[in-house]
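A.B. asks: Same order as they appear, the protein sequences are chains A and B.
Under this note's numbering, the first residue of the first sequence is numbered 27, with each subsequent residue one higher.
Under this note's numbering, the first residue of the second sequence is numbered 27, with each subsequent residue one higher.
Treat the hints with care, since some could be wrong.
It does not matter which identical chain is used: a pair holds within one copy or between any two.
Here are the simulated DSS-like cross-link-like pairs (lysine-lysine), alpha carbons at most 30 angstroms apart as the crow flies [unchecked claim]:
id : residue 1 : residue 2
1  : Lys130    : Lys88
2  : Lys122    : Lys88
3  : Lys64     : Lys369
4  : Lys415    : Lys130
5  : Lys462    : Lys88
6  : Lys369    : Lys122
7  : Lys64     : Lys145
8  : Lys462    : Lys145
9  : Lys369    : Lys415
10 : Lys138    : Lys305
11 : Lys212    : Lys413
12 : Lys305    : Lys64
Don't read these hints as lab results, they were simulated from the structure.
Please read all numbers here as calculations on a predicted model, not as lab measurements.
2 protein chains.
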Amino acid sequence: MNVNSALRALREYLGQVEDLHAATSLLGWDQQTYMPPKGAEARGLQLATLSGLSHRIFTARKLGALLARLHDVREQLDPDDAKLIDETLYDYERAKRLPESFVKEFAEEQSKAFHAWIKARQQSDFGLFLPHLEKLVGLSRWRADLLGFEGLRYNALLEDYERGARAEDLRGVLATLAARQSEIVKCIAQTPVRADLGWLNQQWDEAAQWAVSIQILHDMGYDLEAGRQDRSAHPFTTSFHLNDVRITTRTHSDQLFSGLLSSLHEGGHALYEQGFLAKDARTTLAHGPSLGIHESQSRLWENIVGRSLPFWRHYLPLLRERFPGQLETVAAEEVYEAVNQVKPSLIRVEADECTYNLHVIIRFEIEVELLEGNLVAGDVPSVWNEKMKSYLGVDVPDDARGCLQDVHWSHGAFGYFPTYTLGNLYASQIFEAVLKDLPDLWQQVENGSFLPLRDWLREHVHRHGRRKTAADLVREISGTPPGAGPYLRYLEAKYSSLYGFPAPIKRKAPASPR
Amino acid sequence: MNVNSALRALREYLGQVEDLHAATSLLGWDQQTYMPPKGAEARGLQLATLSGLSHRIFTARKLGALLARLHDVREQLDPDDAKLIDETLYDYERAKRLPESFVKEFAEEQSKAFHAWIKARQQSDFGLFLPHLEKLVGLSRWRADLLGFEGLRYNALLEDYERGARAEDLRGVLATLAARQSEIVKCIAQTPVRADLGWLNQQWDEAAQWAVSIQILHDMGYDLEAGRQDRSAHPFTTSFHLNDVRITTRTHSDQLFSGLLSSLHEGGHALYEQGFLAKDARTTLAHGPSLGIHESQSRLWENIVGRSLPFWRHYLPLLRERFPGQLETVAAEEVYEAVNQVKPSLIRVEADECTYNLHVIIRFEIEVELLEGNLVAGDVPSVWNEKMKSYLGVDVPDDARGCLQDVHWSHGAFGYFPTYTLGNLYASQIFEAVLKDLPDLWQQVENGSFLPLRDWLREHVHRHGRRKTAADLVREISGTPPGAGPYLRYLEAKYSSLYGFPAPIKRKAPASPR
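Chain A on its own, in the form it takes in the complex (with noise of 0.2 angstroms):
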């Protein structure tokens, strides 16, 4: 076969295993937005099977053949062919050290673990959910043996969302976030209170709830005739194809800002998504490098863009016009100062930007002792419970609010939290990158023009799919190295100027202006 045959070959191989991740992806979509409750069941078998499929198919001897043969010519390709085979190459690799009975073994579990979760987090009760997560620590671990690790086990899990990273260096990032977090926390604490926010308490009616996010996603040019949003319980983004690329989000009514933002965060993916070179859909290289960039995108969006003063001075005339009579009183100051407000309280995917991470930092190492072996799955509540106790000065009332309040464990997904952490990280140091070249930008989003940062994050960012690494794009963006620095400087500069404050080290160019 030559050259050009196998590459045709490996394309049209790739293909075929990428429409079967859209077919499993779309049966996860639907099982959380319009599958009726009996069929949970069953869509578990069929998730399996397919996954099944999916592994068997990716892992086949004839893929492993074409891409052997392709490695072997790698300098005569152009270096995107390359990249093809570097990045299938390492998947496939991987891919190979995991049995198929043992990728099935795993999304059966995964799946009757689910619905024990939602069981258990309903009745808040752990103990119905226990032994799908001891079940769940064990095949991760074996997982964790069987595609191999140096240092900590929990580095084999984490490669799955963030390539490269490794526990031990997280450990010293969460240990400098939440020491420096805790003192803002603490600054905030010490403030009077300044604004009265009594005017969030009333009623907002949901279809214009939807109405407005609707209008927000239209404005930050994600292709509603290449995606649509849906609601689910949990809001997420799912893909099968860039020219297909879904959201959800919830809405409350007595909540304004909650669904808004999240249809903002969920936005911030979607893009990704959207922005992947055409010539790339259907291989592996139309993907994000890792789940930290890929959170980047999404907080970007939400917390630097969505909680900025110049975004709600643009939309509070639409909000006023949607919700008549509610918000004539409200100024934009306001409506700013609502959307960042700090308070340590019990739940992540509500915590404000100064005590997020916190929640992540507790999460992060409740798993590496478990994946260590060092705690078992029965004694999560009481240590989740001290820990909550000790970072965020917080008492756990259930475990409802507790340690059963995240899905991830349901899904055996252990190594995920920490790139909610590194997505902070990475959007701040990207977005110092963004006001650089985009000086006007806050006038931009102030008169609601968002196109010119999703172009420039499209260009950056978005179209280079898995063609660099993480650190490798943060680096060529930033001039540095991925760090905590940027997100650091723009927490206290933000917060400083919000509470009142004086930020602990002086900074110029405040990440988002007052």
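With chain A fixed as given, assemble chain B onto it according to the hints.
C.D. replies: The following block gives chain B in isolation, referenced to the frame of chain A:
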């Protein structure tokens, strides 16, 4: 491998095949309900990949070996297992005749043809569809030759939809129906118009239509915890498992009954799919024996029940409540007349019971000639228009309302249309047996009590799945082989009474009493 292990392995294997079919069906459902427009091209590729993969997995030697092993000990198996082997072997041997490359090419062409057809119909431009129709006719002739047949080539394709049926026999049945139904239509045309149906010309709130349809579906016994109704341009039913059976419908603000009767139709299909035995789930047996039998269930509910006077006696009060002020002076008898208007028209899916089969005959005759090679695709419009004139006395103004109106040919689904007519025949024949067992049925319908009928169908039709052939099922239920007699008796009794002309032959037990 001992027999029990082989049976277990077979069931596990078939479960995976059915899971893959479920994923494919979900891709199809989503394509017609929620998929954003730009997702169409990628969806076509995904559907082709999954079709090819299903075929490869279903025709794998491993399954063949299992089936051969079990077929050898067929006599020792319990009747259900023996039937499972028989039916799976039948499918397997048939599937083996088609190479995977053919299956994929067909699926890819289906997708292209479908999108071309949408455009062609929108613009009423047959030329846009013609090359695809030519291609699909060519592929279908090839398909027939690969599958093998006796008599007309059409029989090979008919077998997919109505196993055991032969075009030569259908010709006779359809000729009888054409002759008798034309007579009825003539009699009706000669009766003076009696009812003033001007009240139909109102705007009917679509949300209210939707609510009524959900109520009817609920009353029929359709389990909405194991199913759901969505909107689509063309109503259909799809099943991912007996616990997840979905229907779609559409509403029009200027039509009160079209959407409701469509819900009843699809609801009849859905009850069938929900009525399979749980132990048959994810096996070959959890399907109907033929599309004709499937269609008998939808038509029994839509036409025999849903176009009866007792049905509207029950639902008129609900309609009055949902459409306040719009139906105060309308009597149940007038609704009954409204849903049973007879008038030769252009569009099959909107045709009344008396003319419906005439639409089918036209398609059947064209398909047979296309497959035999006696008619070229380019001549379809002129032949179509001639036949519309001769069978229905109708002039076709354009191809959008002529030979481009149905989706079937864009799927290469030649051989499908006659199953609609067979569904009509089977429905009446089955319904005569229903009335013998449930002499109070019409009173129950008038009381809104549909569960006795649903349960009768579940017992005598649904639960058998594929255990009985269409012909055996109808024969066992009715005591006679399938035929046109019951349907003609039903039509003549109903319409002679409705339109006040003498029934050609005196019958007892009219299917739907006034």
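A.B. asks: All hints are to be evaluated individually against the structure, with a verdict given for each.
C.D. replies: Hints, one by one, checked against the model:
Within a single copy, Lys130 and Lys88 get their C-alpha atoms as close as 21 angstroms, and across copies as close as 19 angstroms, so both meet the 30 angstroms cut-off. In the homo-oligomer, the alpha carbons of Lys122 and Lys88 lie at most 30 angstroms apart both inside one protomer (13 angstroms) and across protomers (23 angstroms), since each shortest distance falls under that limit. Taking the shortest Cα distances, Lys64 and Lys369 never come within 30 angstroms of each other, neither inside one copy (39 angstroms) nor across copies (43 angstroms). Neither within a single protomer nor between protomers do Lys415 and Lys130 lie at most 30 angstroms apart by alpha-carbon distance, with minima of 39 angstroms and 59 angstroms respectively.
For the identical chains of this complex, Lys462 and Lys88 are neighbours neither inside a copy (48 angstroms) nor across copies (62 angstroms), given an alpha-carbon limit of 30 angstroms. When the C-alpha separation of Lys369 and Lys122 is checked against a cutoff of 30 angstroms, the pair qualifies neither within a copy, at 46 angstroms, nor between copies, at 65 angstroms. When the C-alpha separation of Lys64 and Lys145 is checked against a cutoff of 30 angstroms, the pair qualifies only within one copy, where the shortest distance is 14 angstroms, while the shortest distance between copies is 38 angstroms. When the C-alpha separation of Lys462 and Lys145 is checked against a cutoff of 30 angstroms, the pair qualifies neither within a copy, at 49 angstroms, nor between copies, at 47 angstroms.
Taking the shortest Cα distances, Lys369 and Lys415 sit within 30 angstroms of each other inside one copy (14 angstroms), while across copies they are farther apart (77 angstroms). Proximity of Lys138 to Lys305 under the C-alpha cut-off of 30 angstroms is restricted to the inter-copy arrangement: shortest distance 20 angstroms between copies versus 38 angstroms within a copy. Taking the shortest Cα distances, Lys212 and Lys413 sit within 30 angstroms of each other inside one copy (17 angstroms), while across copies they are farther apart (85 angstroms). Only between protomers do Lys305 and Lys64 lie at most 30 angstroms apart by alpha-carbon distance; the minimum there is 16 angstroms, versus 40 angstroms within a single protomer.
Comparing the model with each numbered hint stated earlier shows that hints 3, 4, 5, 6 and 8 do not hold.
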